[in-house]
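**Q** Let the hints inform the model, and build the full structure from the sequences given.
Residue numbers (the working numbering), protein chains in the order written: chain B, 1 to 309; chain L, 1 to 253; chain U, 1 to 321; chain H, 1 to 319.
Fair warning: there could be bad hints in the mix.
Here are a few chain U residues that sit away from chain B, every Cβ distance over 10 Å (derived from the structure) [to be verified]:
id : residue
1  : A56
2  : G57
3  : H108
Now the stretches of chain H that chain U is said to cover, found in silico as 3 or more residues with beta-carbon under 8 Å [to be verified]:
id : region
4  : 112-119
5  : 162-169
Think of the hints as simulated: they come from the structure by calculation, not from any bench.
Even glycine gets a Cβ: it sits at the ideal position worked out from N, Cα and C.
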Amino acid sequence: MSEAHIVLERASRWYGQVIGLNDVTCSIGPGVTALLGMNGAGKTTMIRLLTGQIRETTGSVRVFGEEPFANPRVFRRLGYCPELDNFYEHQTGRQFVYGMARLSGFSKAEATRRTHEVLNHVGMTDRAGRKIAGYSKGMRQRIKLAQAMLSDPEVILLDEPLNGLDPVGRREFIDVLKALAAVGRTIIVSSHILFEVEQMTRSILLLNRGRLLATGDLSAIRLLIEKYPHRIRIETSEPRAVAQRLIGLPYVLNVQFDPRGQSVEFQTKQPNDFYDEVPKLILDDGLPIDSVTSPDNNLESIFKYLVAS
Amino acid sequence: METYIYSSMLRELTRFRRIFAWVLIALAGIGMAALCRNLMASGSSSDAYVLLSDAFAFRVLPLAAAILSMAVISQEVEQKTIVYLLTRPIPRWQLILFRSAAAMTVTFAISALTLAVLAASTSLLTSGVFFRDLAAAAVGSAAYVSLFVLVSLIINKSMIVCILFAFVWESTAPLIPGDLYRLTITGYLQGISQHPSVGTGDQDFMASISNVLGAHQATEWVSYLSMAILVAACLAASCYWFSTNEYMAREDS
Amino acid sequence: MAVASIRNLTVQYKSFVALSHFSCEIPEGCTGLLGPNGAGKTTLIKTLLGFVKPAAGGGEVLGMDILQAGRAIRQQVGLMPEQDCHIPGMSAVEFVAYAGELAGMPAHIAVQRSHEVLEYCGLGEARYRNVETYSTGMKQRIKLAQALVHGPKLLLLDEPTNGLDPAGREDMLDLIRSISHGKGVNVIVSSHLLPDIERVCDQVVVVVRGELRKVGSILDLKKIAGHPVDLELREESAAFEAALAASDIEIVSAQRQHYRIKADMPLPDIQRIVYSTARKTDAQVRGFQLAERSLEDAFMDAIEDPSPPPIAEPVTAGGER
Amino acid sequence: MSNSLNPISDLTYRGYDGPLASPEFRWWVIARMTIRKASKVNSLRWAAVLSAWYYVMMIAVLFFLQAIGNAQPAAQQFYQQYLQRMVWKDQFVYGFSYAQHLILIVSLVLGAGAIANDNRANALLVYLSKPCTRWDYVLGKWVGVFTPIFTVIAVPTICFYLYGVFSFKDSGFISQDPWLLPKMMSVLLISASLHTSLILAVSSLFKQGTIAGAVYSGAYFFTFFFTGLLSILWTNPHGAHSGLMRTLLYCSIDGIQIGMAKAMLVPSGTLAFGINIPGRNRVPLPIPSVAPILIVVFGITVVCLGVIWSRVRAVEVVG
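**A** Right under this line is the structure:
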């Protein structure tokens, strides 16, 4: 893991008595990192801190090793796609992106070239000539994404990047993000749509009521959730027989039958041992198992377990 | 890149929808001049010009300055597009300086147009008074814009404050005897434009108003000096304030 | 009986043709309306509401003709629009009661009904607060409440889960699911989040560039020819892949530790081979299930192939999950 | 549903199949709600009460003179002479004109936010998703603002008229101008509709009620000062009296109203409260002729309705 561009040490930020961020210590390195949390959990505050719009009350926030607040050197290598849907409505998409390029310090020719390239990247080349007032939600989002990737930044912050895009657009953009991450860029995506986040990345940064609840790789986190043992579901034509065999295993906590009678579900704290046992069940005991799946092995359930506990 | 900030702001402020109203107001000067000449039975056209320039042109100047200074920062915060400016790799003081400069230019253009219209309709285009008025308008634009930008940074609902200052304080303070006029910008502007007092023929109603307006004024070089200090102080304060404070879209609205 | 049937509808806005010779039967129960941006989904919703005067063609909604009975349709239909909309200066109860009155309910019944619907939509405790002070999630719920107050027979939801956090989305989806099943309310959900549609709807209508591309129940759409298997190992292992390929099982796709394999032999044989290979190359199989095509893949295929859908084949109403 | 039988009642969603009124006449619902919302505003009540101050003062003056007249015979003679000189229709014109400022406040409170706030909150989408059409919305808002304004200006006038009829029948209250009440009522109707159309047109142009209100009152006072200045100049005996000034004399939001009232009632030019100070040579303001001012008023109302209709756009489809 090359050095992390973003480092927070005991950073906290209060708006008067209202809690924004409370004593967060973490570091964000290259690749896609998902910033998750309920409304009001501190995601927006974190993003505002990282994009240098506000200062931290205590602790320290370092982007590229510097204090990000109103710091042009940091902004030169940072791209930001805000969640707000406010634009200069009278401008056309191309004018807006061109203006942002020129304000980012590019010359007239360089700005035009980059604008063209970036608009192409988000698939807005043909429609960039129209006024933003007449844009649909998806088109406005693409323009925002375009201006975030203008200066080829090393760190890109995206607040609800896929908001309003249609399924084709969503898939296209997820591929674009993965390509950028593969090149070593640091991408932070704040989103509520968990099944899309799961397609983008495995490493998450979960905030809850201003505090850092979980950070790191998804599967590692799943193992550590004590309170909610792993649920594993086995679809089989003879649930009772399978259940009898399962009860014999020491690490199976409870067994549940599906009323429609075609599957068995049980909970265990050591999924590893069970998965080693499965070949024995199928090959040696010859139990007619159709499928073995884990219903709560996805980000939505993990998110619910973490936030609920 | 710095010049782009200036030129983009200039283009923004001179958009047809925004500038149209000001052109109308300036052209209204023709009607005002005609009406005024018709009403002032006696008195030369220069009296009409002096009266109108005090009562009309030098009222349009602060109003334009107030509205255009809002567009520098306060309107961006209101429309939540400030985030795009704040996250650009530009030092914040440059943003303030160049955008205010653009606002000053447009304000001066509007007031110069108004003065020109008045001068044209009272055929005084080549007179000394007109050129002195132009200089006063230039200095006035700079002073008013820099002051109102500072006010817009500190107070968030600042439009009303600026307009109250421009119309209530600026009009009454010079009339009050004593040195209150030193606390207003109009006093110094009159010092620069050196308006002659209007002929005291018969106590015509309009003439009496204009005499009272032009009563107190500072000397010319004092006016230039104090205006320069005011502009420098306000801009410096704005730059410092904008660089150290946080500006983000408010959550509630 | 179809909730709404549309017969070769053509809708034009000045030069832009939104729908051209569009005809479809929207079945009862909970239907998902899918389509890329600018495909005419919004136009279809507006036509169903009788907002739009089509250039040609026509149709009925709940038995009422679109061209003549626009108002009567809107009395029986509830719309939850995508944009934020409320009537300013009113508390939630007042706003929803007013919406009821607008729909034709007598004043006092509207107020009583308003309390009930707000309770149902989970806004019980914030019902006396002014709507402007509501958060994004609560604004979505109040929009649903004002669409439900006059007891519509058809409910049109445009991006219902937009802007909600995970917990809020789950509540909203459960709410829609409970309304659309067993309460005599037909629901049409238009959304870009296909997994949401998958969780809530029973059948789907796909519209692409103003034409109907596919109508069908989600279960049918998710079936795949042959019976490929989705496999998940604990971690990626090349040895396992090589061994599997050796025993003539074709690996269709591989992504990190997820594999999709296909073989023309019965499922138990595939299973036996997979587990014995795993044991030999001591890889740990963590997931083994019959592959299902996600709605997203079905949608992507529907967009590519231009073949028109089978002509109005009878859709079993409310296919059980 | 037999929830009354089973002990645990099913509180989940249940449909509504109670009575539903016919989808027409939705505009009355909108009007009723607009009136109900407006009637709760305190400043509106104060403005409504204060707008009748001239009539109240007039009644007080008459009552006072009558009381003194009865007490001392000398004053009785002055009182009779005062009644002889009294021209009743002038009082109505003054009552109406002096109420204009307060009617401004009433129309601001009622109409400024009526459409502006709806534009900001995108409320039209709620209305149109219910069985209302754009026509219902505009008519509903118009009636919702017109009715209170008309009530506020009509009630004091009618009360004063009744007071006059009962107690001053013999001193020419009716005989002077038998058609006074119908003329006065038509003046009030036209005035209320003009106020409503103007405020709603301004309201539909903006996104916030406060800004619309500020612009409307700004225009009101700007034109008021303009015509005020002109009328001062006009009454100045040795000032100029050009034709241009004669037409501009009534061109302000309150000026048109007063001009229309004068045109309809043709007052005889006595001073307020029937006072008559001989020897003041002031040039009386010209009374505009009926036809042109009515055409102007009608034209303005139509233009305002056109603005409202164009600004209240139906739900246009974005591509």
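**Q** Give me the numbers of the hints this structure contradicts, sorted from smallest to largest.
**A** Hint 5 is the one this structure does not satisfy, whereas the remaining hints hold.
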